[in-house]
Structures are given as C-alpha cells and as structure tokens.
Amino acid sequence: GEDVEQSLFLSVREGDSSVINCTYTDSSSTYLYWYKQEPGAGLQLLTYIFSNMDMKQDQRLTVLLNKKDKHLSLRIADTQTGDSAIYFCAETFSGGYQKVTFGTGTKLQVIP
Amino acid sequence: GEEVAQTPKHLVRGEGQKAKLYCAPIKGHSYVFWYQQVLKNEFKFLISFQNENVFDETGMPKERFSAKCLPNSPCSLEIQATKLEDSAVYFCASSQGTSDTDTQYFGPGTRLTVL
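So the protein sequences, as listed, match chains A and B. Per this note's numbering: the first sequence = residues 1 to 112. Per this note's numbering: the second sequence = residues 1001 to 1115.
Here chain A stands alone, though its shape is the one from the complex (with noise of 0.2 Å):
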C-alpha cells in the first residue's frame, strides 16, 4: 500500500517549536519528502532524506526517520508566523522518474 498519514491541525505559539508527523506503510520508499504550501500557492520542497539516514538538519529544519516503524517527522525551530501553511510529507521510490505519493497534509497555525 502507498497510504501517507498526517494528523490534520497544529497550533503553536511563535517562538516555540513546532513538529510534525508522518507515518507512512511503503518500505520500499527511498526518498522522503517535507513540502510547504501557502494558501493559493505551488509546493514549495522544504528538505528530504534519504531512507539510509535517521536525521537531517537544515538550519531551522530538523528531519527525524525512523524506519522501523516507518515514521517521519519535521520540526521546525522557533517557528514564526511565516511558517503558517499547509506542510506535506512525501515518499518516492526515485525522486528523479517517479510519481511522489503525498501525505494527507498538516496544517500549522503559527499564533502571534
């Protein structure tokens, strides 16, 4: 199966920390995507990882893997009110030739 699940709401105060996550059931998955989307806007790609690494950090980006139990997450340091979107997660099997199949979507609401 190539299901992507997300849970579909987060509210966080600016400044703290915001994580998200991600569960996903393909095991055959070898690149794992974080997608950012603004209202009425494209898929901005945030960072990804490879299915060979449990952590990848990318300035305020912290992406954790655990492929054991096919869990990803995002966390996102002192989040701001720019970072409220909707953020997708993504998994392909090739990122270059392959269709990505797309998570369900969290939606962040950064509160001033």
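The set of hints was computed from the structure by calculation and includes no laboratory data. Incorrect hints may have been included.
Once the Cα atoms are required to be at most 25 Å apart in a straight line, the calculated DSS-like pairs of lysine-lysine come out as [what the hints assert, rightly or not]:
no.	chain 1	residue 1	chain 2	residue 2
1	A	K36	B	K1040
2	B	K1009	A	K107
3	B	K1020	A	K107
4	B	K1062	B	K1027
5	B	K1044	A	K36
6	B	K1044	A	K70
7	B	K1044	B	K1083
Just some of the chain B residues that point at chain A, by a computed CB distance under 8 Å [to be verified]:
no.	residue
8	N1041
9	S1048
10	F1091
11	Q1096
12	T1098
13	G1109
Anything over 10 Å on all C-beta distances counts as not near chain B; from chain A, calculated [as the list claims (entries may be wrong)]:
no.	residue
14	N66
15	K70
16	S84
17	T101
No experiment lies behind these values; they were computed from the predicted model shown. Backbone N, C-alpha and C fix where the C-beta goes; we use that ideal spot for every residue, glycine too.
We have chain A; now place chain B onto it with these hints.
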C-alpha cells in the same frame, strides 16, 4: 526557464465543456509529472512523461483525460466533457531525470472550477 510555468492560473468551465491546461517544464528537465489536488488537500498522481513519451499513466482516468508532451511545445493536460468532480488544482512538476536523487520541482498550479 528556471521555474515550472503553468497556464492558465484559473480556469472555469461549465459541466460538459472541455478544459485544457498547459505546463512548461524547467529547461533541460526531461521528466514531467501531472498531479491533481482535490479540495481536501489530497494529491493524486495522474501521469508522467519522459520527454514526449508516456512514462507512467497508472493514475490517469481511463475516460475523458488525455495528456501530451510534444517537442518544442508546452505539455498539456486535456479533460473532455468536464464533470463537477474534476474541480481541483492541477499541478505540473518536472525533474532532470538523470538520477534517483533528483527532486521534482512543482509549478504554481492551475485551479479548475467546473460549474
């Protein structure tokens, strides 16, 4: 260009009318993907191309939907006899297609509203 371009930005059609959406991939990218995002944010893969050849069409509805990528022209997605449930945002993405590590770059989408 350096971005995936999609036209039009918005498209309104009456039920039963035809809709045609266009996508210009990033220059030098040989793979093009079409995705449909319906109202509850759910993304559905439709079809992908390697240059002008269909690469994966497993998500493409059997009826009414067709797509092309012809040389020296934008790729297109066409819906014949649109239905209300075709209302969605249609995203196009492109990738270099040279490696598993390539990522797909998404366009801004075309919002199709079927009345």
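Going down the list of hints, with the structure as the test:
no.: 1; hint: A/K36 x B/K1040; in the structure: holds (16 Å)
no.: 2; hint: B/K1009 x A/K107; in the structure: holds (23 Å)
no.: 3; hint: B/K1020 x A/K107; in the structure: violated (31 Å)
no.: 4; hint: B/K1062 x B/K1027; in the structure: violated (30 Å)
no.: 5; hint: B/K1044 x A/K36; in the structure: holds (17 Å)
no.: 6; hint: B/K1044 x A/K70; in the structure: holds (21 Å)
no.: 7; hint: B/K1044 x B/K1083; in the structure: holds (17 Å)
no.: 8; hint: N1041; in the structure: holds (4 Å)
no.: 9; hint: S1048; in the structure: holds (6 Å)
no.: 10; hint: F1091; in the structure: holds (7 Å)
no.: 11; hint: Q1096; in the structure: holds (6 Å)
no.: 12; hint: T1098; in the structure: holds (6 Å)
no.: 13; hint: G1109; in the structure: holds (5 Å)
no.: 14; hint: N66; in the structure: holds (22 Å)
no.: 15; hint: K70; in the structure: holds (19 Å)
no.: 16; hint: S84; in the structure: holds (15 Å)
no.: 17; hint: T101; in the structure: violated (7 Å)
In summary, the structure is inconsistent with hints 3, 4 and 17 from the numbered list given earlier, while agreeing with the others.
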